[in-house]
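Trainee: These protein sequences, in sequence, are chains A and B. For what it's worth, our numbering labels the leading residue of the first sequence as 923, then goes sequentially. For what it's worth, our numbering labels the leading residue of the second sequence as 923, then goes sequentially.
Possibly wrong hints are sitting among the right ones.
Pairs count within a copy or across copies, as identical chains cannot be separated in the list.
[Claimed, not checked] With a straight-line Cα cutoff of 20 Å, these simulated DMTMM-like cross-link-like pairs (lysine to aspartate or glutamate) come out: (1) K1203 with D1308; (2) K1203 with E1031; (3) K1163 with E1140; (4) K1203 with E1032; (5) K1203 with E931; (6) K1203 with E928; (7) K1203 with E963; (8) K1163 with E1153.
Note that these hints are calculated values from the structure, not bench results. Since the model is a prediction, treat every value here as computed from it, not as a measurement.
There are 2 protein chains.
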Amino acid sequence: MITVEEALERVLAHLPARRVATVGLRNAVGEVLAEDVAAAEDSPPFDKALMDGYALLHADVAAGRAEWEVAEVVYAGALPTQPVSAGRTVRIMTGAMLPTGADLVVPHEETESRDGGRRMALRRVLPGMAPGWNVMRRGASGRAGEVVVPAGTRLRAQAIGALAELGRVELQVWARPRVAVLATGNELVPCEREPGPGQIRNSNEPMLLAQLRQFGAEASGLGIACDEAGELQTRIEAGLKSDILLISGGVSAGDRDLIPGALARAGVRCLFHGLNLRPGKPLWFGTHDADARRTLVFGLPGNPVSSMVCAELFVGPAVRALRGTSETGWRTFRAALQADVALTGDRRTFFPAHWTEADGGRVVHALPWEGSSDLRGTAIANGLIDFRQGGRTYAAGEIVDVVEL
Amino acid sequence: MITVEEALERVLAHLPARRVATVGLRNAVGEVLAEDVAAAEDSPPFDKALMDGYALLHADVAAGRAEWEVAEVVYAGALPTQPVSAGRTVRIMTGAMLPTGADLVVPHEETESRDGGRRMALRRVLPGMAPGWNVMRRGASGRAGEVVVPAGTRLRAQAIGALAELGRVELQVWARPRVAVLATGNELVPCEREPGPGQIRNSNEPMLLAQLRQFGAEASGLGIACDEAGELQTRIEAGLKSDILLISGGVSAGDRDLIPGALARAGVRCLFHGLNLRPGKPLWFGTHDADARRTLVFGLPGNPVSSMVCAELFVGPAVRALRGTSETGWRTFRAALQADVALTGDRRTFFPAHWTEADGGRVVHALPWEGSSDLRGTAIANGLIDFRQGGRTYAAGEIVDVVEL
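Make a model of the complete structure from these sequences and hints.
Mentor: Rendered as structure tokens:
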């Protein structure tokens, strides 16, 4: 059986080509930029006042001048019409364009208005009153042609602001992969329905769709297929139109585990089936190539927790890689176990857990878990403890790796 | 001037009442549950096979029996019709209901089918073959009436799965606060337009809308208001229909800084104006109460980086508190400075920064930053370094607090 690392490597080695999509700036938060965005103009595009005050000549201050004639008032968004020269100042607002000649802005609170605003007197001379004081020079924060937001940037609000300033209202980003989810099993009823005897609700579809959205995919459900070869075939063919197809159920060794056969008939090439993992041992993975387009196909175990763990460990990295983020792998950290955990079996185990921040680091608590079909126990999970080997007791206080959910 | 902590305390002490909203399970990922969700039934609702194999009596194995008669095959979703008794077994699939009498499931690979499937022989006796082996008992993962997902849980995929299993297709969650954004300033043009001389694009609206979405708010833009009292009044009244109104610009001491007056006329009570913070000193905060409904009003400085920092430090916590998350405050961590940072001025400073994971902890790099209007320099920021006092040089390697963006 292959290891978890080998399996992940095999998935990431077979990704389809990434696609570029165009999005409006207002919908771009969270997307990953697929182009370098450069500035068309200097920033700021003109010398600009950083304070409300008076624009004047530093030479006047250096020469000990105490009073100035106020030539005009310049508001942000308006153009100065009067130059500044010896003895002449302009009252100016934050963000407004500096008048010709001026080389510093004295803040309002350091001045006194006289003669009904027609004259201004300086209160005191401060050591900081040098040329450029409270002035942002044209191009100070960036020159035309400079890359402002590089390709690969995940667009947070700060980048959205910078792109808006550049007037970039449309952007090239990496397309979110389209992922289809097909649940299989005669025992399943849609979660809107009351299950009959022996039946259970299809919790996997809503859970997987939620996980996929958390990964950043565009996810859609294909409903429930019953365990019948013809119906499976039709649904699988529909699913192969997506970038990734997840099928839950039907991949272990039961009589009605029809998925591996149905996938083979649909022309999906198997790259692995089964790995050293608990829960999730029967995971099936393959690729389908047609019309110069590739679809990744994951056959997830039908048990909810197995499905969830496999999606987290293998589908998440694939989706993130297709979205162009640099953080492709699992987001892991180290934490101290809150209580002993006794592991039976020898497989590598990813145990549903809840972690919290504590003084001196994080503490993780393995959730009471009745096995791979126990979603109730894992409802509040926010991590998976990565127990690298089974068959031993991990003691309270021991430091373990945790995959963040 | 009040401190950052005092300001935040004042904001959180004046929150409007939280509202409850109903969402469909399929749109609930990321929402915060406003009700305890309990199970209506036991989970699993019946004793259930955890493996494909044979359901039989443990007493038979203990007595050394080697062969059984196979009474029927039970698939998941079907009901067993034959009881199990001494010498009689039932072939059973994962997830299927255990037949009456059976108390363990022997996995398929430990058995041999004989006589065309009519009989089954056990290959070997394993020490683990005790009553309950590979059986999940009715109610093992939870009893009817037990709370499965408590109020206050942020709904991750795992909780969505558990809620689907319970058949909870509609949920009570805390409503996302509605936040309106109004940009003011005669110098602003919409970011779709080419600015004329002295004009700049309104980058604050798209940036603040993106931030608000990151915080979890339902955000909408009210466009640009010019610096004219009548127009401001109309727009402010429209904004007061929201839970939170953000106004950017017009709160410092300039001649056209009309916002404090306009807010007073609109009946908004000022709770603070100005604080010991760089950038963001002129921040204005108040509340408006009418028709038993409260609106929080933030007057943000018009400079983009000031606006961004104030939104992050004060609006984010308010939105998170209204959404019912337990993580109301800033998400901070400690990191080592990558290079010296010389701070002028004596105010507490939140410096745009980029941090990365490194061996032995996180490393943070202060971004080249030309002051509070420099969005370009901060485009790739993913954190804010919290320099608790200005006026000194922080040395490379020094450990600082960082607010995660």
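Trainee: How do K1203 and E928 come out at 20 Å by Cα distance, when the copy is not named: within, between, both, or neither?
Mentor: Within one copy only: 14 Å inside, 54 Å across.
Trainee: One pair to classify: K1163 and E1140, alpha carbons no more than 20 Å apart. Within, between, both, or neither?
Mentor: within (13 Å within a copy, 33 Å between copies)
Trainee: Can you give me the call for K1203 and E931, within, between, both or neither, at a CA distance of at most 20 Å?
Mentor: Within one copy, since 17 Å is at most 20 Å while 51 Å is not.
Trainee: Can you give me the call for K1203 and E963, within, between, both or neither, at a CA distance of at most 20 Å?
Mentor: neither (56 Å within a copy, 29 Å between copies)
Trainee: For the identical chains here, do K1203 and D1308 meet the 20 Å Cα criterion within one copy, between copies, both, or neither?
Mentor: within (15 Å within a copy, 46 Å between copies)
Trainee: Go through the copies and call it for K1203 and E1032: within, between, both or neither, with a Cα cutoff of 20 Å.
Mentor: between (74 Å within a copy, 17 Å between copies)
Trainee: Could you figure out if K1163 and E1153 sit no more than 20 Å apart (CA to CA) within one copy, between two copies, both or neither?
Mentor: within (17 Å within a copy, 52 Å between copies)
Trainee: Can you tell me if K1203 and E1031 fall within 20 Å by alpha carbon in one copy, between copies, both or neither?
Mentor: between (72 Å within a copy, 15 Å between copies)
Hint compliance for this structure: hint 7 alone is broken.
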